[in-house]
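**Q** Take a look at the letters that make up each chain.
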Amino acid sequence: MATHVRKIGQQQNRLNVLKDSERHFRSLLEQSREAMVLLDLNGVVLYASPSTQRLWGYPSRELIGRVAFEGIHPDDQENAAKLLAALVAEPGKSLSITFRFQHRDGSWRWMEGTTTNLLDDAGVGAIVGNYQDITRRKVLEQNLQFLAHASSLLSSSLDFATIWDHLVNLAVPFIADWCAVDILNEQGVFDIAAIAHKDPAKVALVSEYRQAHPIDVNDKFGLPVIIRTKQKEYIPLITDELLVTIAKSEGDLEVVRALGMTSALSVPLIVQDKGIGAITFVTSESRKRLGETDVAMAEELAHRASLALENATLYREAQQAISMRDDFIAVASHELKTPVTSLKMYAQVLQKQLARAGEESQSRSLAKMDAQLDKLTRLINDLLNVSRLQQGRLEFQEEAFDLNEVAQEAIEHIRPTSEKHHIQLEGQIERPVWGDRDRIGQVFTNLLANAIKFSPGADTVIVRLIAEPERAVVSVRDFGIGIEEEHQSSIFNQFYRVTDPDERTFPGLGIGLYISREIIRRHGGSIQVASEKGQGAEFRFTVPYTRTHTALDEGLF
Amino acid sequence: MENLGKNILVVDDDPDILDALQFTLEDAGYAVVTSLKGDYAENLHDGNGGLPDLIILDVLLSGKDGRLICRKLKSQDETRHIPIIMISAHPGARESVKEVGADDFLAKPFDVDALLARIAHHLPPRAI
Chain A
1 MATHVRKIGQ QQNRLNVLKD SERHFRSLLE QSREAMVLLD LNGVVLYASP
51 STQRLWGYPS RELIGRVAFE GIHPDDQENA AKLLAALVAE PGKSLSITFR
101 FQHRDGSWRW MEGTTTNLLD DAGVGAIVGN YQDITRRKVL EQNLQFLAHA
151 SSLLSSSLDF ATIWDHLVNL AVPFIADWCA VDILNEQGVF DIAAIAHKDP
201 AKVALVSEYR QAHPIDVNDK FGLPVIIRTK QKEYIPLITD ELLVTIAKSE
251 GDLEVVRALG MTSALSVPLI VQDKGIGAIT FVTSESRKRL GETDVAMAEE
301 LAHRASLALE NATLYREAQQ AISMRDDFIA VASHELKTPV TSLKMYAQVL
351 QKQLARAGEE SQSRSLAKMD AQLDKLTRLI NDLLNVSRLQ QGRLEFQEEA
401 FDLNEVAQEA IEHIRPTSEK HHIQLEGQIE RPVWGDRDRI GQVFTNLLAN
451 AIKFSPGADT VIVRLIAEPE RAVVSVRDFG IGIEEEHQSS IFNQFYRVTD
501 PDERTFPGLG IGLYISREII RRHGGSIQVA SEKGQGAEFR FTVPYTRTHT
551 ALDEGLF
Chain B
1001 MENLGKNILV VDDDPDILDA LQFTLEDAGY AVVTSLKGDY AENLHDGNGG
1051 LPDLIILDVL LSGKDGRLIC RKLKSQDETR HIPIIMISAH PGARESVKEV
1101 GADDFLAKPF DVDALLARIA HHLPPRAI
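Chains as they are written, first to last, in the numbering used here: chain A, 1 to 557; chain B, 1001 to 1128.
There's no promise every hint is true.
Stated by the list, open to error - Label-pair distances were calculated between CB atoms; the ranges are:
| id | chain 1 | residue 1 | chain 2 | residue 2 | range |
| --- | --- | --- | --- | --- | --- |
| 1 | A | Gln231 | B | Asp1065 | 50 to 60 Å |
| 2 | B | Lys1098 | A | Gln372 | 31 to 41 Å |
| 3 | B | His1090 | A | Met369 | 38 to 48 Å |
| 4 | B | Tyr1040 | A | Gln320 | 19 to 29 Å |
| 5 | B | His1090 | A | Glu399 | 39 to 49 Å |
| 6 | B | Glu1095 | A | Gln372 | 25 to 35 Å |
| 7 | B | Ser1062 | A | Phe328 | 14 to 24 Å |
Just so you know, these hints were derived from the structure itself, not from any lab. Source: prediction; values computed, not measured. Where a beta carbon is used, it is the ideal one built from N, C-alpha and C, also for glycine.
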């Protein structure tokens, strides 16, 4: 009897342990943040954990007996079916999956987890899925991706119209069903700068409505207020009463009702601290209510668009300034050349007359004056060239020409500027070279002028023409002050001038070498310097024999 | 002087350039007629005091394009034979003056010797 009682007690104990254990697991499942489902091999739900109520809005009894695929997003169904087939084929196999499941309220929840085939497991006999809700993470990821994409698109253009177009097309359908950018123009009228709608037919409707009802800048709501206050306007749910209030007539009401708006949000576009327009986001067909995340996204988007607009404005202003400067230089250089033309004629004719009269010394003075006028002409031309180079408007006239002749002419041209320097020409190029004869001559002149300018203590400059098989090479060598290594990479930059306090100053605009390098580059050649301080300098540049495909063809720079 | 008796018409809208060219060309022995406006050159004909032997014509005249004048003169039988040297402070004008039939081009500022050489080239000494 005692034994029997003991046995019953033991059984009772075991039963209690089992009951405790079941309660324990049930509580675990109910408290769990994860959804747990058991499926048969066709995907029919055998069991759903109570947590599905919280995750998907369905109590477990409503899920049991349903085919799990029904709730999965159409785009994810194929993937889910493949997964189930792969699992059924291999008992014990476990696979991870990410999919969207529709919540009872219609929204899509991103789920991630593992599914395991335990059909052969005597204790389970089902396919077991454990999924957690990763919607927040997913949305965050998508938002970041969206903003990164938006930033790169917005910064890809400096044209306002393109920026707005990019913006509205980005926002639809990611944030809203329709998106419009309104900009306050100089006449104080709001222009629709860009508009996008899921349904193109509605774009016309909105545009027509706006044309018939221009926005009054004195309105107590909407765009005028947003621009004035630089604050957003956010209507989470647009009710019919609201439409009745804002509609100005019966016909109006009809149109705004036809638009079927659910939610609306307008955020200001601010440039240089001034409200210049707004981006408006509206949901309609999707019945989506714009939430906190959408508002944050929209504000961030408007902020980035404002930055892009600010950059575009600054760029445009800079371009206008450059263009004005270049126009000015073009006019100024033309005007400067006119008196120089007269001066040259007088100097040269007087020089002839004095020479005829035997006044040698006065004639020489006039020759010096004439050489100075040539220098002035070069400076004027350099100014014009540098502004044209920057605009890519420097014209090149290509032809085959004799490089020896050009070298000789340049030497003749520069000779009168220095009585002291003897310029030697060595070597010869038998073949003609190809390019703009005058521009190459300009490079010779620039290098020779520098060689003389920077060798006040020397008396020789050597020009050497070297015929390489592929190209002609020109070397201009002086025995002057030389160039320190640290300056050698910068001397070809525009406006670069040596500013060593120990060195005597050398006048010039600092653009001769820049122009020379650009000319040689456009001929597909190169220009280099070799020098040591105190040891003079050697400049070498190349000229092609035949037409090469160069930047000359593409009109670059 | 060998150039004696040769008439050159100079057209430029800058009076200082006209002065300088007159000084230069007269020094070289030419007879010079100057004109500040294009109208005179445009309406050149034999009856109007005779035709010049050569014309020096600025590309950009105030209110007129020297190239249009050049094209007109080169399209008329009466004036077609007169050599025209066009001058401009825009070196890029060289191409466009070729198109209107100008015989030569000089970029301002130019050397007097270069100018005289071009004139001599287009104006060989008249056979007596």
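**Q** Are the hints correct? Go through all of them and say.
**A** Hints, verified against the model:
1. A:Gln231 x B:Asp1065: 50 to 60 Å: 58 Å, holds
2. B:Lys1098 x A:Gln372: 31 to 41 Å: 32 Å, holds
3. B:His1090 x A:Met369: 38 to 48 Å: Hint violated: Cβ distance 25 Å, outside 38 to 48 Å.
4. B:Tyr1040 x A:Gln320: 19 to 29 Å: 41 Å, violated
5. B:His1090 x A:Glu399: 39 to 49 Å: Violated - the Cβ-Cβ distance for B:His1090 and A:Glu399, about 20 Å, lies outside 39 to 49 Å.
6. B:Glu1095 x A:Gln372: 25 to 35 Å: 30 Å, holds
7. B:Ser1062 x A:Phe328: 14 to 24 Å: This hint holds: roughly 20 Å between Cβ atoms.
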